[in-house]
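Asks: In case you want the letters, here they are:
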Amino acid sequence: MCTYITEKAQIDGSGKGTQGWFPLTEARVYYDHPHHTMADHTLNIDFVNNEMGIGARVAVELTEESARSLIEKIEDALEAAGKESSSIS
Amino acid sequence: MVSWHNIETDTIQISGNGGDQIDAYLAQPKGQGPFPGVFVIHHMPGWDEWTREVVNKFALHGYIAISPNLHHRIGPGSLDDVVAAVRAEGGTPDAQFVGDFNAGVDHIRSLDNHNGKIGCIGFCSGGRQAYIAASKATYLDAAVDCWGGRVMMKETELTERMPTAPFDMTSDIKVPLLGLFGNEDEAPSPEEVNLTEQELQKHGKAYEFHRYDGAGHGFFAAHRTSYCIEQALDGWQKVFTFYEKHLS
Chain A
187 MCTYITEKAQ IDGSGKGTQG WFPLTEARVY YDHPHHTMAD HTLNIDFVNN
237 EMGIGARVAV ELTEESARSL IEKIEDALEA AGKESSSIS
Chain B
97 MVSWHNIETD TIQISGNGGD QIDAYLAQPK GQGPFPGVFV IHHMPGWDEW
147 TREVVNKFAL HGYIAISPNL HHRIGPGSLD DVVAAVRAEG GTPDAQFVGD
197 FNAGVDHIRS LDNHNGKIGC IGFCSGGRQA YIAASKATYL DAAVDCWGGR
247 VMMKETELTE RMPTAPFDMT SDIKVPLLGL FGNEDEAPSP EEVNLTEQEL
297 QKHGKAYEFH RYDGAGHGFF AAHRTSYCIE QALDGWQKVF TFYEKHLS
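From first to last, the protein sequence lines stand for chains A and B. If you're matching positions, the first sequence starts at 187 in our numbering and goes up one per residue. If you're matching positions, the second sequence starts at 97 in our numbering and goes up one per residue.
So here's chain B without its partners, still in its complex pose:
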């Protein structure tokens, strides 16, 4: 039985990678808790309204949720101009993401109402970053990868910003991993998801993957044509069940 929490929200600044002050959207239940924490990694379309809705959703369910603006350093501008600029530069550097991730986690861990457990969830490019966090984060207890493309990367796709495929970090994964994927998706394709699963099995990692027929990429996004209601409702249930198990 779910009981909804009253929540409070704020946009704060945290000291991210390299000491850069970056904005972060924070939502948490009112009260002393203690509550588990979730780092919401925003998707490629940016630090947008839908990301804030997801952060609020976790707070309603009793989680302290934070989502830093991983594109903050681009500077002021409209959301799509910022995202286009990030894209033109080749995306957020993986090392920078890890620094910002650890900073966001540190903020949750500093709060008096935190229960000591931290999860992360990433969508799209954020799913890829969740996979990275599962191996590189300083503190983390569980990770959720929602249709993260480019976990597998060809040699020719590696760049200075993304020098290592997350797939090749699998042996370093330290936390249970939940993966949600649409079988109609092309990035990642079902074949790539299968190969990633095999790699997790090879290294004896704790994971669960769920694949959805009739769903492509981004099927949680209710404001997009990719939204698939049945698959999304089931997927969210999987997320909360997973977090209940690992973040209590």
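Next up, chain A with everything else stripped away, as it sits in the complex:
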């Protein structure tokens, strides 16, 4: 695809990178060429801290099917914990 279409979400939480845990400020989501996964395109998520340099990044590459399954499981986990469902279906 080689698009620059990137969805960004401001987030609160923590991620574990190569140097250990660090606070997260943003999640960047895009569907494009992966670096590691053996696929032409993947749903890529970069969990980053914008104030800590480019290495403060936890990167995930998922197939489309896996990404959609993950959306469901996130909702299921929150619902199981008694949290109200969001607008994501």
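The hints are simulated quantities; they were obtained by calculation from the structure and are not laboratory data. Hints are all accurate, no fakes.
DEER-style ranges, computed between Cβ atoms: (1) L291(B) with R254(A): 29 to 37 Å; (2) E237(A) with Y323(B): 37 to 45 Å; (3) D264(B) with R254(A): 35 to 43 Å; (4) K194(A) with S206(B): 41 to 49 Å.
From the derived model, a few chain A residues whose C-beta atoms are all more than 10 Å from chain B: (5) S200; (6) R254; (7) S255; (8) L256; (9) A266.
Think of the CB as a built atom: it goes at the ideal place given N, C-alpha and C, for glycine as much as any other residue.
Once you've looked at the hints, dock chain B against the given chain A.
Replies: This is chain B only, laid out in the frame that chain A set:
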């Protein structure tokens, strides 16, 4: 009959756009030459090992080849962290690319073993940039666009970094253009390739486009699932035939 050259390689620094010192990978045949030059524009996955393999390939074939790190200004870091940061910023600014491009070309032109002819080849986002170079470069004799996406851009896709669609630069193209595309690709789609071809024809530009069935995006990349060996071998042959014609 191809005869392979012995080559020498180095990572050098060139004075890029705005006078910024940026790294560049250089490979050239040993000997006095003179040899034609090629600027290898790296793809969106970054200034990586595959880019260096391509630069070496050209040197083996008798070309002085250079590939500057267009992501140099992001700073040190792992390749994928650098690429992710470039992406998050919206990509390499087109004006900055043109400055870095002219700098890389100037370096080749300064070498005693250069024959005075310069080509460029770009892959993926580099293909788009090759299209830009074909219209904006100060010195260039031939350009190769390998599956460059976003040559055509919607109004909503234009940004401060990319204010003009390369498609709209077609009338300014000054050199022969070779384009290689997979018919299974979505960016650019076959329809976009057709429209780009029509625009080149409209402006009377010298070009040749080759479209490959069964190939999608990035079909030269032997380390990726997109690799298509037959199409890649034919594509490379097209590249060298094109350069033999225009860079001798």
